[in-house]
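Enquirer: Build the full structure now, drawing on both the sequences and the hints.
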Amino acid sequence: MANLPILQFEEQIVETVDRNPVVVIIGETGSGKSTQLSQILHRRGYTKSGIIGVTQPRRVAAVSVARRVAQELGVHLGDEVGYAIRFEDRTSERTHIKYLTDGVLLRESLSNPELSQYSVIILDEAHERSLNTDILLGLMKRLVRMRASNLKVLITSATLDGEKVSNFFSNCPILSVPGKLYPVEILYSNERPTSYLEASLKAALDIHIREPEGDVLIFMTGQDDIEKLVSKLEDRVQSLEEGSCLDAIILPLHGSLPPEMQVRVFSPPPPNCRRFIVATNIAETSLTVDGVVYVIDSGYVKQRQYNPSTGMYSLDVVQISKVQANQRAGRAGRTRPGKCYRLYPSILYNDDFLDVTVPEIQRSSLAGSVLYLKSLDLSDMDILKFEFLDPPSSESLEDALKQLYLIDAIDENGLITSIGRVMAELPLEPSLSRTLMEANECGCLFQALTVAAMLSAETTLLPGRSKSTEKKRKHSHLDLPDGSGWGDHIQLLQIFEEWDRTNYDIGWCKDHNLQVRGMLFVKDVRKQLSQIMQKIAKGSLDVRANGRWNEGEQDYRNLRKALCIGYANQLAERMVHHNGYRTLGFKPQVVQVHPSSVLKPDDEGKLPEYVVYHELIATSRPYLRNVCAVEIHWVMPILNKVKKINVNKLSGGTDLAVEGTEGNLSDLPKKEVNIAGVPDDHKSRIQAARDRFLARKAKK
DNA sequence: GAGCACTGC
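The first sequence begins at 66 in our numbering and counts up by one.
Read the hints as simulated data drawn from the structure, not as lab findings.
Don't take each hint at face value.
Stated by the list, open to error - Derived Cβ-Cβ restraints for the label pairs, each shown as a range:
no.	residue 1	residue 2	range
1	R486	E179	17 to 23 Å
2	M211	P277	56 to 62 Å
3	R301	E490	41 to 47 Å
4	G645	P277	56 to 62 Å
5	Q657	D455	30 to 36 Å
6	D420	R622	50 to 56 Å
7	H141	D455	38 to 44 Å
8	S176	D455	43 to 49 Å
Unchecked claim - Computed cross-link-like contacts, BS3-like style, restricted to lysine-lysine with a CA-CA straight-line distance of at most 27 Å:
no.	residue 1	residue 2
9	K652	K588
10	K267	K367
11	K709	K665
12	K592	K626
13	K267	K293
14	K229	K367
15	K404	K293
16	K206	K113
17	K652	K450
All values derive from a computational prediction rather than experimental measurement.
The beta carbon of each residue, even a glycine, is placed where N, CA and C say it ideally should be.
Expert: In C-alpha cells:
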C-alpha cells in the first residue's frame, strides 16, 4: 500500500479538491485510486460533514474494494467502512466511507434528491460509461450547482476522455495519477486478417512455440467462436512434438459458462504449463486473470444496440474503441512486462477506432431512464434538455416518451402520472412495473410478481447454451410446465410455482436443469418486489396466495390482461396468411416468434391473433422472445391510443404557446408525427380478425 | 427450428 503511486499525489489531490467542486482524476490501472481516494479525503477531514460515497459499476467490485479499505484501516466491514448493493446493505450510522453500485446511488437519489448525507461523491470507472453512470453524471452537474458549498464530486476516467468530462463540468481540473503496470509491447498486424479466428490461432501457436512461459489471453467476440478456437487450439497443441514446448491448458471464459467453470481460470497452472484463456470482453473489466503475459486482441466485440424507430435490439460484432484496446493490452502487464498482439494494423487503430466506446445511453431503450428522471421532479426538469455528457438522439427520447405514454406512465402532455410515480419505485423495466400495477387491480399480483422476478433472471436460469451441453428448456423432456399454450410468461410462472410447491428444493432445480443461483435470485427479487408493492400500494393489494387457482382449470385471464396493459408498447399482430407477426406502435417489422417459445398454435396451426412480447431482438432474424397470447378486446383500446399519440405534445412541444412558455423548446425538431405500424384500416382488420376468431370458436 | 456480449436496481 505504501508504494501506491497515488499516495505521492496526496497533497496535490487534497489541494485541488479543496479549491474545486469537481475534479477529474485520470487513474491508470494499478494507481490505487479506487481504494486510496476515499481514504485520503477521509484523513483530511472530509468525513466530518458527511460520508464519502464511491460508486462502482459492478457489485463484486463494490464489495471487494470496501473489504480491502476496511482491512487497510483496520476496521470491521460495515462499521466505518461499508458497502451497499442490491439485497445487501452493510453500512451503519458509524459508516464514513461507503462503496455502492451506481444503481444503488440512483435509487437513493430517488428518495433524497440532494443526496444530503454525502460530503463527497466519487464516481469511479466513469469511463466505462454505463447507463447509470451517465445519468449520475448529469445529476451531479445539477447537484454541484445546488450544493456548491458542501459537496465535492470526483470523477475517475480514462486518458482519452478526461478532457471531455472536464469540459462537461465547466473545465474543472484534471489530475493524472500514473498506474503501476509493467510495460506492454504492442505488436500490430500488417493488415486485417480475413479470418480473425485463424489469425488468433496462428498468433497463439507462435507465442507457444517462440515465447518464454506466461499465460495467453485471447479476446474473441462470443461463445461460438470461443468454442471453435478452443477445439482448434487443442488439436494443434496436441500435434506439436512432445517436449518441444511447454504443456498447455486451454480454457474458455464467457458469461454463459456456469460459475464453477468460470472460476477455473483463478486456479494457478501446474509448473511448466502455459494456459490459454479464450475469453469474451468479460476478461476486459469484470474478471482479472493473474499470470497473463501475452494478449491477443481480435479488435472486435459483440455489442447490443437499440433502434428507436423499430423498437428492435440487435447484437452486432463491432470494432472496439481505443479505450477498450488499451484496456485489453493492459491485461498483459499486471505481473511483469508483457506483449499484446493486435490483429489489426496500427493505422486502423489510429484513424478508424473510436476513442471511447459508444456509451450505453446511446445504445439502449430509454423508457426506464426517462421515467426515472421524470419521477425525480427536478424543478427545471425537461427531459429533452437534461444535460447528458453524450446526449441520446431526440428520436430515442421521443421513443421513450411514446412508450411511457402507451403504458400510462405519463399523460398526453408528457407529465408523469400517479401510476408512473409508483412504477419508478420498482426496480424493473417499465413494462413489468406497469404489469404489476395492473395485476394489483385485477387481483393477480401474486402471479405477476413471480413473472416479473422470473424475467429479471431469465438469462441466468439456464445453464450454458452450448451445442453440446444444452438441454432445452422449452421443448424438453424434462417435464417442465409448458405455459398451457399461452406462452412463455405463463410457463415461467408455472415453473416457479412448481418449485414453490417443492418448498424451494435445490434438487428439483438440478433435476430440471435450472441454475440454482438463478432460481434463488428469483426468490430474492420476488420478495423485494413484493415488499415494495406492499409499501407503495398501502394495503390495498393482494400479495397473498389468493391469486392461486386449481391448476388446469384456469386460462390465466387476469394475468394475461395485466401483461397486455403492461406491455402495451410491445404488441404484435399475426399476419393473415402465416404465423409471422407484425409489430404495432413502431415502424412495422415483420418478425417471428422465437423457436424456443412454448406458445402453441391452435387446431388449425395458427398462432394467436395478438401477442405481447418481452423483447424484440435480431440475431439471425428478428425474433420475439418471451411472448404471451392476449385477447383482441384488450388490444383495441391500445391501438386507439397508439393512433392518438402526439409526440410534440408528449415532449412538451406544441401546447407550450398556450401555456405562455413559448420558445422553451425551440431547439426541438417539430417533426410530423407518423405512427407507422398502425394501418389506417386497422379497424376493419380488427373486425376481420374478430370474425375469424368467432368462426373458429363456433366450429369448436 | 435457433443458439446472446456484459452489467444493474
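Enquirer: Run every hint past the structure and note whether it holds.
Expert: Each hint tested on the structure:
no.	hint	verdict
1	R486 to E179: 17 to 23 Å	holds (19 Å)
2	M211 to P277: 56 to 62 Å	holds (57 Å)
3	R301 to E490: 41 to 47 Å	violated (55 Å)
4	G645 to P277: 56 to 62 Å	holds (58 Å)
5	Q657 to D455: 30 to 36 Å	holds (34 Å)
6	D420 to R622: 50 to 56 Å	holds (53 Å)
7	H141 to D455: 38 to 44 Å	holds (41 Å)
8	S176 to D455: 43 to 49 Å	violated (28 Å)
9	K652 to K588	violated (37 Å)
10	K267 to K367	holds (22 Å)
11	K709 to K665	violated (33 Å)
12	K592 to K626	holds (23 Å)
13	K267 to K293	holds (14 Å)
14	K229 to K367	holds (26 Å)
15	K404 to K293	holds (24 Å)
16	K206 to K113	holds (23 Å)
17	K652 to K450	holds (26 Å)
The structure shown violates the earlier hints numbered 3, 8, 9, 11.
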